[in-house]
Structure formats: structure tokens, C-alpha cells
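Q: Here are the chains, one letter per residue:
Protein chains: 2
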Amino acid sequence: MENIQKKIGIIGGGQLGKMMIQEAKKMGFYVMVLDPAEKCPAHTLVDEHIIADFDDKKAIRFLAENTDVVTYEFEHIDADILQKLEQEGKKIYPTAKSLKVIQNKYTQKKLLLEYNLPTPEFCAVFSQEDIKQAGEKYGFPFMLKSCTGGYDGKGNFVIEKEQDISKAYETLGNGKLDIMAEKFFHFIMEISVLACRDINGDIQVYPVAENIHKDSILDETKVPANISKQTTQKAMDLAKRVMEVFEGVGMFCVEMFVNKQGNVLVNEVAPRPHNSGHYTIEACVTSQFEQHIRAITALPLGSPELLKPVVMRNLLGEQNSAGKSCVLGADEALAISGVFLHIYGKEESRPKRKMGHITVIADSVEQAAEKAEKAKNALKIYGESKSFLD
Amino acid sequence: MENIQKKIGIIGGGQLGKMMIQEAKKMGFYVMVLDPAEKCPAHTLVDEHIIADFDDKKAIRFLAENTDVVTYEFEHIDADILQKLEQEGKKIYPTAKSLKVIQNKYTQKKLLLEYNLPTPEFCAVFSQEDIKQAGEKYGFPFMLKSCTGGYDGKGNFVIEKEQDISKAYETLGNGKLDIMAEKFFHFIMEISVLACRDINGDIQVYPVAENIHKDSILDETKVPANISKQTTQKAMDLAKRVMEVFEGVGMFCVEMFVNKQGNVLVNEVAPRPHNSGHYTIEACVTSQFEQHIRAITALPLGSPELLKPVVMRNLLGEQNSAGKSCVLGADEALAISGVFLHIYGKEESRPKRKMGHITVIADSVEQAAEKAEKAKNALKIYGESKSFLD
Numbered sequence: 000m001e002n003i004q005k006k007i008g009i010i011g012g013g014q015l016g017k018m019m020i021q022e023a024k025k026m027g028f029y030v031m032v033l034d035p036a037e038k039c040p041a042h043t044l045v046d047e048h049i050i051a052d053f054d055d056k057k058a059i060r061f062l063a064e065n066t067d068v069v070t071y072e073f074e075h076i077d078a079d080i081l082q083k084l085e086q087e088g089k090k091i092y093p094t095a096k097s098l099k100v101i102q103n104k105y106t107q108k109k110l111l112l113e114y115n116l117p118t119p120e121f122c123a124v125f126s127q128e129d130i131k132q133a134g135e136k137y138g139f140p141f142m143l144k145s146c147t148g149g150y151d152g153k154g155n156f157v158i159e160k161e162q163d164i165s166k167a168y169e170t171l172g173n174g175k176l177d178i179m180a181e182k183f184f185h186f187i188m189e190i191s192v193l194a195c196r197d198i199n200g201d202i203q204v205y206p207v208a209e210n211i212h213k214d215s216i217l218d219e220t221k222v223p224a225n226i227s228k229q230t231t232q233k234a235m236d237l238a239k240r241v242m243e244v245f246e247g248v249g250m251f252c253v254e255m256f257v258n259k260q261g262n263v264l265v266n267e268v269a270p271r272p273h274n275s276g277h278y279t280i281e282a283c284v285t286s287q288f289e290q291h292i293r294a295i296t297a298l299p300l301g302s303p304e305l306l307k308p309v310v311m312r313n314l315l316g317e318q319n320s321a322g323k324s325c326v327l328g329a330d331e332a333l334a335i336s337g338v339f340l341h342i343y344g345k346e347e348s349r350p351k352r353k354m355g356h357i358t359v360i361a362d363s364v365e366q367a368a369e370k371a372e373k374a375k376n377a378l379k380i381y382g383e384s385k386s387f388l389d
Numbered sequence: 000m001e002n003i004q005k006k007i008g009i010i011g012g013g014q015l016g017k018m019m020i021q022e023a024k025k026m027g028f029y030v031m032v033l034d035p036a037e038k039c040p041a042h043t044l045v046d047e048h049i050i051a052d053f054d055d056k057k058a059i060r061f062l063a064e065n066t067d068v069v070t071y072e073f074e075h076i077d078a079d080i081l082q083k084l085e086q087e088g089k090k091i092y093p094t095a096k097s098l099k100v101i102q103n104k105y106t107q108k109k110l111l112l113e114y115n116l117p118t119p120e121f122c123a124v125f126s127q128e129d130i131k132q133a134g135e136k137y138g139f140p141f142m143l144k145s146c147t148g149g150y151d152g153k154g155n156f157v158i159e160k161e162q163d164i165s166k167a168y169e170t171l172g173n174g175k176l177d178i179m180a181e182k183f184f185h186f187i188m189e190i191s192v193l194a195c196r197d198i199n200g201d202i203q204v205y206p207v208a209e210n211i212h213k214d215s216i217l218d219e220t221k222v223p224a225n226i227s228k229q230t231t232q233k234a235m236d237l238a239k240r241v242m243e244v245f246e247g248v249g250m251f252c253v254e255m256f257v258n259k260q261g262n263v264l265v266n267e268v269a270p271r272p273h274n275s276g277h278y279t280i281e282a283c284v285t286s287q288f289e290q291h292i293r294a295i296t297a298l299p300l301g302s303p304e305l306l307k308p309v310v311m312r313n314l315l316g317e318q319n320s321a322g323k324s325c326v327l328g329a330d331e332a333l334a335i336s337g338v339f340l341h342i343y344g345k346e347e348s349r350p351k352r353k354m355g356h357i358t359v360i361a362d363s364v365e366q367a368a369e370k371a372e373k374a375k376n377a378l379k380i381y382g383e384s385k386s387f388l389d
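Chains as they are written, first to last, in numbering that gives the first Met the number 0: chain S, 0 to 389; chain Z, 0 to 389.
A couple of the hints might just be wrong.
Because identical chains cannot be distinguished in the list, a pair is counted as satisfied if it fits within a single copy or across any two copies.
[Claimed, not checked] 25 angstroms max Cα-Cα, derived DSS-like pairs, lysine-lysine:
| no. | residue 1 | residue 2 |
| --- | --- | --- |
| 1 | Lys175 | Lys131 |
| 2 | Lys379 | Lys6 |
| 3 | Lys131 | Lys233 |
| 4 | Lys259 | Lys136 |
| 5 | Lys99 | Lys57 |
Since the hints were made in silico from the structure, they are not lab data.
Please build the complete structure, drawing on both the sequences and the hints.
A: Have a look at this one:
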């Protein structure tokens, strides 16, 4: 019997940090966040806010030394300082070791390969000549990827033909960054599966989510995914294996591809709650954020059971507008039954910036998708310096 | 199409205020709270905290003048100042008018009577002689009640026999406070129904909750209540009528009695989210707190549909202990599936102080109640100045 009233440190006070904090505060935890932005989405919800850069080692040390456990909302963090703090006895979840393997796509895939987990063929490349050889091996199109630092499609380049190689090479750091080539997998659906592992090794796997991206940014998540029972089971088993292989503690998201034959491949692993898991707040017994907080504070995990079919749509800042954010159409959107609105509280809207999302629960995914489409069309988030009508 | 990004002012930063704020922040609202306690449960979740007494008219005015809408988490507020602010054009929900009628139990019941809504017989009393006459009219036992300021059984006195009258009279203010006598209604169950009305008059009614009190403090809420379909319909219709009669805007809770014959009487109306409605956070499509925030910000209401049978248990500070609060047994409690823990974040635990609650969802109320009993027994909240084992 341990006193639950621990202090949680979170690196990153964006929307994922904010939603973690909402659940942490529900259970009465003390929360300290590290984020360079004074008015980050989490700023009004925390007990303490360390305003410092994410690579400020002193600030990260301060966070770890003044809390009982440290977690993070994104994976581009200096894993070495986290590892050092771990060696000094601080609790960091997910561990620095799993973060280190995951934050480099090459080492991440190497580990998947080592344990025979299906993933597209890949190889490290160091020159344009290497890329050319990869193209000969994999055929066109194929992918060129930065090993580190990518998100929302940034750091990825689709090489359609040999002539693209020099541009791809230049775009991805011109030899200054680690890059890899990857065979193109002809998928018919992108899916993701959330899984959480507690400190005792118990693993809970969420239902399979179907994801639709627009311009490489997640636009829509539908749950349950429109795939067969067998494919669903395959994907959930795969997510569980990933949690074992990476020795994850906390919430992980495993992004996967499904092809026509029902084969499932791991595309990428994220060691944190994920945009494609926001649906869990309204539609599952335990949300991904509560699950994560439970895992890192040594509490038992909750049920990931889906209560209702659900669709999530991201709300991005409108094109041709920037500045102080303004949210229009909430009245129209919320008049549709089953619609829930999340506005992250980012001060400024910018084109394609993730400003919020809607979750829609209904009796079927089709119904939820239809309502979500209407609600999304009603909602506009723009920056007041320029009208979205421009 | 109105910009949703309004400022909400809340009088009271206790657990009800905190849970309102959690939902308000989800939707991106700016929240200012007025509470005299620097470390009230809401204090880390707000944009601004006015530290002032609840009867500080200047502070209430400041709150109203710097927000778009004002609400409150308890009803013992100076309704005159709210009325004045309303006359000046400020939005106060629920309105000062409905607050004024409700906060005095006598005027509250008079209004119910006027609209033929069933409530126990009552009369105003001004002397011990009046009380004696009430006893002759109603028979023993009967109730003596303060017209204002009571909660959790405070302000109520059960007069079992004529000899109790002088003590009851003394206890309830010795003639200095308004009091009333009420016929004792031999109920077999206490129930409550939450209802919410938006600014356009749309009313949403929640399922009927069965409440069990211990020492006049709510201990357990079970939903759906173990009553017939007809009684359920009667109770829900009654709650709807109450919302119409009181012209409520926002969430109201109607506490009722049910007798052996299935008659339903209104006991008391609270113009705010209610302890017996905490179950809605996990078990309903829309929580009572989100519903309240939607109503007062002129947004359409959500569905009150129950997703799963549910039981709520309050967590009170342990006897024989006080001081800095300490929560034990969360690991054991959360190991039971379907259990959710809310800790309000009150700095100090005191005997019988409401420190948190658990919600348990399951496939039946019986199952949920059994799990809730186990979870509640595992959890202990005590003040560290004295051990709960004393």
C-alpha cells in the first residue's frame, strides 16, 4: 500500500501533455511540466511549469529531481540525459533504453527484424549511390527516410523514379543526417493499435483503429477498423509482441500497414499516447491518457474495451490565416448528437497546425463518420490576423 | 456562428468547480475561479484565481466583469449581488431568480406546490408553539429544517417526540433563522435525477440514480435505480417539470423520495452539478459537468444516455486523523476492473470530509456494487498527523 500522491514530471506541454495532465489531475497527482512556451496548452493545468528548452539538460535534471516519475509527450528528446538520470535511480517511463531504440527508425526496425516482427524491407544508405542500389533492389517507388526527428510525414520522401534521388538526398539532410531506404509496401489501409504495459509486465491492447491521412497528417481515425476478424487479431497480437520486444512501460502506439491479402506490417512505433488514440477518451472504458498515467505511476491498468463505434477527426488551423485563434461553428457541430469537441488552447492558429479534434460516437462507424464529416465541416479554426474566407 | 473561446467565471473551486473546469478546459475555455482557499482543488487548473471570500461583493463583481458568463458550484451565495449584475447585463447561469427561489427551502417548496409538483407537506414555523402544532398536524416523527444554508444533513432535525421540540428549535438557530416543519415521508428509497436545460429551453434528463446516505452524507449512488419502469418514468418526468417550473439554465439535481406504493415526491432541488451525478463522467455519453458547461456557454446539450450500469462511492477522510492528506490502497482498488479513482486534491484530510470518489462500471449494478465495495474497503484517505489505525 503506497501513497498514491506522487509527483509526475512531463516533458512537453502540448495537447498530448495536456490530456495526460487532465487524467493525472483527476486522480490527484501533482504535475510539473517542462515546455519552452509560456502559454503551451498545458500551462494552466499544472502545479509547476518549467519554462525551458527541451534540450536544456539542467532543466530536465531539475524536473527529474523534483518529481517521482518522468514521462514525455514526444520522442525527440536527448535519451542520453534520460539514461543518465535513470542510472542515478530516477524513474523514467517509457525507459531511456526503449526511447533510444525507437527514436532512431533504423535501430527501431532492426529490433523488429531481430524478433521476426514483420516490417517493410529496409537498409541504411550513406550516399546517392547507395540510394540508387536500394532502388534497384526494391523497385520504384520506394521510401527514403530520415532515421531521426521525423513526424507528420516530415523526414519522409517517396522516390518515384531514379531522377528523384538527388532531390531526396538533398531534402533529407544532404548526407549530414542518418537516412535509410525502405521498400514501398502496397497497403490498402493504415491502421494503428495502442498498447500499454505496466511495470509488472501486464499488457493491455486497444481495438484496431483505421487511419486516414491527408497531406501526411492524420485526418480521420475510425474504430473498429473495417478489417476481418483474423486481420484484427493479427494486428492486436503484433502490438502485444512489440510491447514485449521494446520492454515498453506506458502507452505505445504501433502504426501498421494492411495489404489486400490481409498481411500486417509494422510501419512505426511511438513510445507515447498518440493522435490516433484520442478516440479512447469518449469511446473506451479507460482512455489512453489515464492508462499511461496508471502505468507510469505503478498502478494496475484499466480495461481498453470499446463502448461504442467511434470516429475522430483532427481540427487543423485554416489555410490563409494565422494569429490569435478563433473557433467558429461549435454550436452547429455540437448540435449533432454524439459529437465531442476538444480545443487544445493553442494561442495561435497557423495553417495545418493541430488545434483540436472532434470525437463522434454512434451505433455504427458509418453513422459516426457521417456525423463527424458534418461536424468537421461546421467547425473552422482560424487566426484572426487574416480571415479564413480569404 | 459565435467564437467559442469565451471566459467562464466560477464561484467556488471545490471538487464540483474542479470537475466543471476539467470539462471547460477540454473545450478550450478560459476559466477564472473565485475561492478563498489558495490551494482549493481547482487552483492548479484555472487561468485566474481570485482569492476572496464568497460574500465579497467586489470580488464577485470583478469575476462577472472579466468573464462572459458566471456560474457557481454551491447555492449559498448572495443572490442579490448576482441579480444586480444580471440587471447590468451580465450572464449568470443558473439565473439569480432561480437561485433565489431554490436557496430558501420554503420558497422552493412553495413554488413546487404552486405548480402541483408532489412534495412532502410543509409549513413555515416561527415559535416552539408553531412546531408543536405542526407535530399535531403531521404526527411524529416529523422534520424541522432551516430554510437556508443546510447541506449534508446539516440544518435538518428529526423530531421524534414532543420533548425534542425545544432542542430542535435551539439547534436550528433559536428563532434567529427561518425554519420550517415538514411531514415525514415514509420512503423506501432516495433517488435523484439530473436534468439540464439550455438557453433555448431544450431539456435533457439523465437516468434515475438510487442514493444511499450514511450519517446524512451521500455514500453510494447506483444507476439505474432498482425501481419499476413506471416509477422511473414518473421520476424523469418530474425532473423535467422542475426544470420548466424553475426556468433553470444549466445542470440541476432533483432529489426525490419513493415510497412502497411507487409514489415519487420532490425532496430538494440543487441548481448545479451534484455529488449523485458523478457517475455520469464514466458511465454516460455526456458528463454532468460537460453538460453544464455546454448549457451556460450557449452550446447545444449532449446525450445523457447511460453506457453501462454504474456505482459511485464517496471517499471520506478517515476518522481519528487530520492534516496533510495521504491516499492508500489505490493499487489494490484499481486492480479491480471497471474501477476509476477521483482524488479531489484537498490538501488536508479531516474525518468525513469528501476527499474523492470511485466510479465502478460493470455489466450489472449488482456486479458494480460488489466491486465498488471491495475497492472502497481497499482505499483509505487519512491525515498524516494521526494514523488511521488509531
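Q: So, for every hint listed, does it hold in this structure?
A: Verification of the hints:
1. Lys175 <-> Lys131: within (18 angstroms within a copy, 93 angstroms between copies)
2. Lys379 <-> Lys6: The answer is between: 19 angstroms across copies meets 25 angstroms, while 37 angstroms in one copy does not.
3. Lys131 <-> Lys233: Neither, since 34 angstroms and 76 angstroms both go past 25 angstroms.
4. Lys259 <-> Lys136: Intra 23 angstroms, inter 81 angstroms, cutoff 25 angstroms: intra-copy only.
5. Lys99 <-> Lys57: Close inside one copy (20 angstroms), not across copies (55 angstroms); limit 25 angstroms.
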